[in-house]
Amino acid sequence: MTSRHFDTAAQTAFAALSGDYNPMHVDPHLARRLQTGGAVVHGVHAVLWALDTALREGAVDGPIRSIGCRFGKFILVGSNVTLRLQRSDEQGALIQLETDGLVTTTINVKLGVREAAPAETEVGVPLPAAPEERDVPEMAGLSRAFTPYRPLGEYAAAFPALADAIGAERIAGLTLLSSIVGMAVPGLHSIFDSFDVALVEQPGSAVLGFRVDAADQRFRQVRMKVDGCGLRGGITTFARHPMPQQPSVTALAGHVGPDEFAGSRALIVGGSRGLGALTAKLIAAGGGKVVVTYARGQDDAAAVAAEIDAFAGRQACEAVRFDVQTDSAQDRAAQVGPVDQIYYFATTKIFRQKPALYVPSVFDEFAQVYVHAFRACCQAFLGTGALSVFYPSSTALDKRSNDMTEYSMAKAAGEVLCADLDRYVPNLHVISRRLPRMLTDQTATVALAKSEDPLTVMLPIIRDVQAEKPVVAAKATPQG
Amino acid sequence: MTEAEIYERLNSVFHAVFFDDAIQVKAETSAPDVDGWDSVAHVNLMVAVESEFGIEFTTQELESMDTVGDMARLIAAKAK
Chain A
1 MTSRHFDTAA QTAFAALSGD YNPMHVDPHL ARRLQTGGAV VHGVHAVLWA
51 LDTALREGAV DGPIRSIGCR FGKFILVGSN VTLRLQRSDE QGALIQLETD
101 GLVTTTINVK LGVREAAPAE TEVGVPLPAA PEERDVPEMA GLSRAFTPYR
151 PLGEYAAAFP ALADAIGAER IAGLTLLSSI VGMAVPGLHS IFDSFDVALV
201 EQPGSAVLGF RVDAADQRFR QVRMKVDGCG LRGGITTFAR HPMPQQPSVT
251 ALAGHVGPDE FAGSRALIVG GSRGLGALTA KLIAAGGGKV VVTYARGQDD
301 AAAVAAEIDA FAGRQACEAV RFDVQTDSAQ DRAAQVGPVD QIYYFATTKI
351 FRQKPALYVP SVFDEFAQVY VHAFRACCQA FLGTGALSVF YPSSTALDKR
401 SNDMTEYSMA KAAGEVLCAD LDRYVPNLHV ISRRLPRMLT DQTATVALAK
451 SEDPLTVMLP IIRDVQAEKP VVAAKATPQG
Chain B
1001 MTEAEIYERL NSVFHAVFFD DAIQVKAETS APDVDGWDSV AHVNLMVAVE
1051 SEFGIEFTTQ ELESMDTVGD MARLIAAKAK
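Protein sequence lines correspond, in order, to chains A and B. Position one of the first sequence corresponds to residue 1 (the numbering used here), numbered consecutively onward. Position one of the second sequence corresponds to residue 1001 (the numbering used here), numbered consecutively onward.
Just chain A, same shape as in the assembly (with noise of 0.2 Å):
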């Protein structure tokens, strides 16, 4: 069992041998809005050094005869990553990559004769300088052959014992496979999913072909042969949606009626984008004030602000830094002063890569997010006046995939304290809905499920929680 820490040099060094500089590698800023929530490491990285070091290590003993791989999962930049041998006999292997006891890579190497199969494609292309973008539809058929991006000795030198053992062609294009899919098809917007390439004596194939077999519009799965560099075989990717763009201020306009917002001052708790910011441009569109708040993205936050502040021809937005798993509530009230209104879309990273159904630290993250931070924002900002209040749960409570146990928990118990602060909270209004699953950066995956229109699901939300505007009077029980 060999351990082998993945970090942010490694991943530079990786991307400058692969040519293969796909922003969700190499720009932690904009991966940290991925599904990923970080740069996460090159998948055949992983797997060339697995691969390196089981020849290295005597795991992998005889002529290798074809290499398949699933990455399961993502390896994010700076984890650890174990190699454990799940099988090795005069078959071949099975070894399986770990990262905190969750199995994100699964190499089946089998050995035997390799057969003679000579490349279809002799000349080859550099790779592209950036990532290709297009839609799926426009991938079907397409095909091209590259040239290693760097010279062969390189590769060579990166992974000696592999070189040894298959020849630096092969490992030259097997980083050609991260590059076709990461800088080419399906591009920017990729996701490798797995691989599958017999080795073959193809001698003098200096360039890796690719032909798109599939674009199933459905699963926006891309499926591809490859052939050349001593490979042949097939390649299955995924393309994710783009990320979403929110439509503009003036856009939005068209939506809501000039003063229909207007006297209101709304605090939109996680407004830098998506849904947050969204609302946020909706009520400035109407003639209300807002307030932005961001936990990191101050760029986004600033970019919301201004195009607002252009929009009403004065400031009519502010942006705010409010970490609400780290900074005082009572802090921000006194420095944000009196709003109306509170939309909370605070949230953290939901989609997780987790070893198990229930984690307790991981329902931590979200009642602290969902729950506890929740409550101190309604709490501080209600000192400043009465407050009409929006919570956003979710339908994942109806409809739960197997990996949402804890955030469905939260979210759960979100809505009972919404209940109970609307019920016993004098000058306090909580509207919570089940929102169901819209287009957003944390949501722009591959999966099937339906997303509706975030406009229409927010604007009668909206519209209601101004209609709600609190009434000042006594209720049972009053606490907070």
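The hints are simulated quantities; they were obtained by calculation from the structure and are not laboratory data. Just so it is clear, CB atoms sit at the ideal spot from N, CA and C, and this is done for glycine as well. Watch out, some of these pointers could steer you wrong.
Stated by the list, open to error - Selected chain A positions facing chain B (Cβ under 7 Å, derived; list incomplete):
(1) R218
(2) F219
(3) Q221
To be verified - Pairwise CB distance ranges (calculated):
(4) A/R321 to B/F1019: 44 to 50 Å
(5) A/E132 to B/R1073: 39 to 45 Å
(6) A/D27 to B/S1012: 41 to 47 Å
(7) A/K110 to B/P1032: 29 to 35 Å
(8) B/K1078 to A/R4: 44 to 50 Å
(9) A/D420 to B/K1026: 37 to 43 Å
(10) A/V123 to B/A1079: 41 to 47 Å
(11) B/A1048 to A/Y424: 50 to 56 Å
(12) A/A467 to B/K1078: 44 to 50 Å
(13) B/F1019 to A/E452: 31 to 37 Å
(14) A/T384 to B/T1058: 51 to 57 Å
(15) B/K1026 to A/A467: 47 to 53 Å
As the list claims (entries may be wrong) - Cross-link-like lysine to aspartate or glutamate pairs, in silico, DMTMM-like; alpha carbons within 25 Å at most:
(16) A/K354 to B/D1066
(17) A/K225 to B/E1050
(18) A/K354 to B/D1021
(19) B/K1078 to B/E1028
(20) A/K354 to B/D1020
(21) B/K1026 to B/E1063
(22) A/K349 to A/D403
(23) B/K1078 to B/E1063
Starting from the known structure of chain A, fit chain B onto it as the hints suggest.
Showing chain B alone in chain A's frame:
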């Protein structure tokens, strides 16, 4: 094709997709019952089922399938 045949072939598909020959699917089997049946595995499963039975599901059909029983009924209706 009988229901038993459909389930037998579905078992083979599950074994290949999830690398687990011990899986025995039933009508009520759904994602939480099978290790590794996440959204990406689901797509691989659907593609494998389509290929095994020579059929294609519509997006609406894909969204309507919650259990293996749902899947088997659709297969029986389509693979005639």
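Hint by hint, here is what the structure shows:
{"no.": "1", "hint": "R218", "result": "5 Å, holds"}
{"no.": "2", "hint": "F219", "result": "4 Å, holds"}
{"no.": "3", "hint": "Q221", "result": "6 Å, holds"}
{"no.": "4", "hint": "A/R321 to B/F1019: 44 to 50 Å", "result": "46 Å, holds"}
{"no.": "5", "hint": "A/E132 to B/R1073: 39 to 45 Å", "result": "41 Å, holds"}
{"no.": "6", "hint": "A/D27 to B/S1012: 41 to 47 Å", "result": "42 Å, holds"}
{"no.": "7", "hint": "A/K110 to B/P1032: 29 to 35 Å", "result": "33 Å, holds"}
{"no.": "8", "hint": "B/K1078 to A/R4: 44 to 50 Å", "result": "47 Å, holds"}
{"no.": "9", "hint": "A/D420 to B/K1026: 37 to 43 Å", "result": "41 Å, holds"}
{"no.": "10", "hint": "A/V123 to B/A1079: 41 to 47 Å", "result": "44 Å, holds"}
{"no.": "11", "hint": "B/A1048 to A/Y424: 50 to 56 Å", "result": "53 Å, holds"}
{"no.": "12", "hint": "A/A467 to B/K1078: 44 to 50 Å", "result": "48 Å, holds"}
{"no.": "13", "hint": "B/F1019 to A/E452: 31 to 37 Å", "result": "35 Å, holds"}
{"no.": "14", "hint": "A/T384 to B/T1058: 51 to 57 Å", "result": "53 Å, holds"}
{"no.": "15", "hint": "B/K1026 to A/A467: 47 to 53 Å", "result": "49 Å, holds"}
{"no.": "16", "hint": "A/K354 to B/D1066", "result": "22 Å, holds"}
{"no.": "17", "hint": "A/K225 to B/E1050", "result": "20 Å, holds"}
{"no.": "18", "hint": "A/K354 to B/D1021", "result": "24 Å, holds"}
{"no.": "19", "hint": "B/K1078 to B/E1028", "result": "20 Å, holds"}
{"no.": "20", "hint": "A/K354 to B/D1020", "result": "20 Å, holds"}
{"no.": "21", "hint": "B/K1026 to B/E1063", "result": "19 Å, holds"}
{"no.": "22", "hint": "A/K349 to A/D403", "result": "13 Å, holds"}
{"no.": "23", "hint": "B/K1078 to B/E1063", "result": "16 Å, holds"}
When the structure is compared with the earlier hints, no violation turns up for any of them.
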